[in-house]
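A.B. asks: Here's the letter readout for the chains.
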Amino acid sequence: MIGIGAAIGLVYGWFINPVEYVNTAPNSLRKDYKADYILMVAEAYKVEQNLDIAIRRLALLGEEAPIDMVSQAMATAVEYQYDPTDLVLMQTLADGLRTWYPGSPEVP
Amino acid sequence: MRNRDADDRGSWYLLTGLVIGVILGIVYAWVLWPIEYINTAPASLRPDFKAQYRALAASAYLASGNLERAKTRLEVLKDGDMTLQVSGQAAAWMDGTHPESEVRGLNLLAAALQQGPLPTLLQAIQTTPSPTSTQTGLSSTPVIILTSSIDFTATPTPTATRETPTVQPKISLTPAPTITPLPTRTPTPTPGGAFVLQKQEFICNPNLTLPYLQIEVMDAGGAPVPGVEIIVLWDGGEDHFFTGLKPDLGLGYADFVMSQGVTYNLRLAEGGTPVSGITATECEAPGAGRIWGSWYLSFSQP
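Same order as they appear, the protein sequences are chains W and L. Residues in the first sequence are numbered from 85 upward in steps of one, following our numbering. Residues in the second sequence are numbered from 782 upward in steps of one, following our numbering.
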């Protein structure tokens, strides 16, 4: 009987009324969404040239070092065959992050 | 009698066990091994994170000019009418607590979602990082002036390039502001020719509580033109702003709040008729008494 009850519970929980995640944080995003998020940061950085803003945006993805986040995103971008120009944008952001330290002047 | 007491105790034992079990389960689920959300989609983000995501998508749109990509990014948020969401957020974020670039991006993305891609607007925005919006204008912050052409395409990855910006110190300490043509690297052709002042009208509208400088820019066919840079100069300062940032008032519309006792000169960055000697003036409105009047300037291409 316990087995039948558990099976009913699983069918209900997985198919009839599956869990819906709400109010999650960006650090829980799937890696391809994270990669696109970081691509957005890189696209904006291309125009804004403001590493402080870029880092503030990256901070939403977690406590990891920004440069590591971008490196992982680039690996995902390669895996998902992003356009080479997108990779260049991400690389540009990574290059900027390597030279950044808090309070440093913006890299032109 | 003894059996009934034993039955009662048994029920209490069961209930106590159940309560203890629930407590243990909650402690286990909340403290020892809480749920970790992984591999989630943007649609599940908390509303404030969704707003950040939307603003970032708008900033990326400003950079790339790729509306389709921006739409795809907004679609994954799955929050209904994306145009409504973006324009609503743009309006809500104009409270001065959010970065101006993000507010501008949201406004422009909202306009683009309503009207289609706005290459002229994007070009103007992209080539003028962080336009000053203060009325002091006395800082020595360099102003980057660019007029390079950018080719926006609908390809997934834009290949837009721009020339190296020319950094020119802002000089605005002269007693009387003069309109000095800005140096340009390459001429920016304006289809239809330079904008010509068609109408200059003083408005005494009791609904306008502040003295506005209202500008409307239209092309030769009478269609509103977004993204036209407007330069306002006054004694000791200047401001740059763009048409189309208030799409609800028209894509060719822009306004500026004048200060009392200041005389303003205005021109469009793309050339055309300069307007000088504009001041905030009071007027007598029927039923409202003495109020600040506004100036309405209409420009169009011949």
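Since the hints were made in silico from the structure, they are not lab data. Treat each hint with caution, since some may be false.
[Stated by the list, open to error] In silico SDA-like pairs for lysine to any residue, Cα to Cα no more than 20 Å straight-line: (1) 118/W to 130/W; (2) 118/W to 858/L; (3) 115/W to 1027/L; (4) 852/L to 167/W; (5) 831/L to 182/W; (6) 130/W to 833/L; (7) 859/L to 130/W; (8) 118/W to 1052/L; (9) 118/W to 148/W; (10) 130/W to 179/W; (11) 859/L to 168/W; (12) 130/W to 104/W; (13) 115/W to 184/W; (14) 852/L to 876/L; (15) 980/L to 876/L; (16) 859/L to 178/W; (17) 115/W to 165/W; (18) 118/W to 818/L; (19) 831/L to 178/W; (20) 118/W to 1027/L; (21) 118/W to 822/L; (22) 1027/L to 876/L; (23) 115/W to 876/L; (24) 118/W to 819/L; (25) 831/L to 179/W.
A.B. asks: Give a verdict on every hint.
C.D. replies: Checked hints:
The hinted pair formed by residue 118/W and residue 130/W meets the criterion: a straight-line CA distance of about 18 Å does not exceed 20 Å. Between the alpha carbons of residue 118/W and residue 858/L the distance comes to roughly 14 Å, so the proposed pair stays at or under 20 Å and holds. In summary, the hint linking residue 115/W to residue 1027/L is not supported, as the alpha carbons are separated by about 36 Å, beyond the 20 Å threshold. Among the hinted pairs, residue 852/L with residue 167/W is consistent with the structure: their alpha-carbon atoms are about 18 Å apart, no more than 20 Å.
A hinted pair counts as satisfied when its Cα atoms are at most 20 Å apart, and residue 831/L with residue 182/W does not qualify at roughly 28 Å. For the suggested pair residue 130/W and residue 833/L, the alpha carbons sit about 18 Å apart, so the restraint of at most 20 Å is met. A hinted pair counts as satisfied when its Cα atoms are at most 20 Å apart, and residue 859/L with residue 130/W does not qualify at roughly 27 Å. Restraint check for residue 118/W and residue 1052/L: the C-alpha separation of about 44 Å exceeds 20 Å, so the hint is violated.
The suggested pairing of residue 118/W with residue 148/W holds, with an alpha-carbon distance near 13 Å, which does not exceed 20 Å. Using a Cα cut-off of 20 Å, the hinted pair residue 130/W and residue 179/W holds, with the two alpha carbons roughly 12 Å apart. Using a Cα cut-off of 20 Å, the hinted pair residue 859/L and residue 168/W is violated, with the two alpha carbons roughly 28 Å apart. This hinted pair does not check out: residue 130/W and residue 104/W have alpha carbons roughly 36 Å apart, beyond 20 Å.
Restraint check for residue 115/W and residue 184/W: the C-alpha separation of about 25 Å exceeds 20 Å, so the hint is violated. Under the criterion of a C-alpha separation no larger than 20 Å, the hint pairing residue 852/L with residue 876/L is inconsistent with the structure, at around 25 Å. With a CA separation close to 32 Å, the supplied pair residue 980/L and residue 876/L exceeds the 20 Å bound. Annotation: proposed proximity of residue 859/L to residue 178/W is violated, straight-line Cα distance about 30 Å (limit 20 Å).
The suggested pairing of residue 115/W with residue 165/W holds, with an alpha-carbon distance near 14 Å, which does not exceed 20 Å. The straight-line distance between the Cα atoms of residue 118/W and residue 818/L is roughly 14 Å, inside the 20 Å bound, and the hint therefore holds. Between residue 831/L and residue 178/W the alpha-carbon distance is near 25 Å, which puts this suggested pair outside the 20 Å criterion. Between residue 118/W and residue 1027/L the alpha-carbon distance is near 32 Å, which puts this suggested pair outside the 20 Å criterion.
For the given pair, residue 118/W sits about 10 Å from residue 822/L by alpha-carbon distance, which is consistent with the 20 Å threshold. Using a Cα cut-off of 20 Å, the hinted pair residue 1027/L and residue 876/L holds, with the two alpha carbons roughly 14 Å apart. For the hint pairing residue 115/W with residue 876/L, the CA-to-CA distance comes to about 34 Å; that exceeds 20 Å, so the pair is violated. Distance check on the hinted pair: residue 118/W and residue 819/L sit about 11 Å apart at the alpha-carbon level, within 20 Å; holds.
Straight-line distance between C-alpha atoms of residue 831/L and residue 179/W comes to about 28 Å, which puts the hinted pair past the 20 Å bound.
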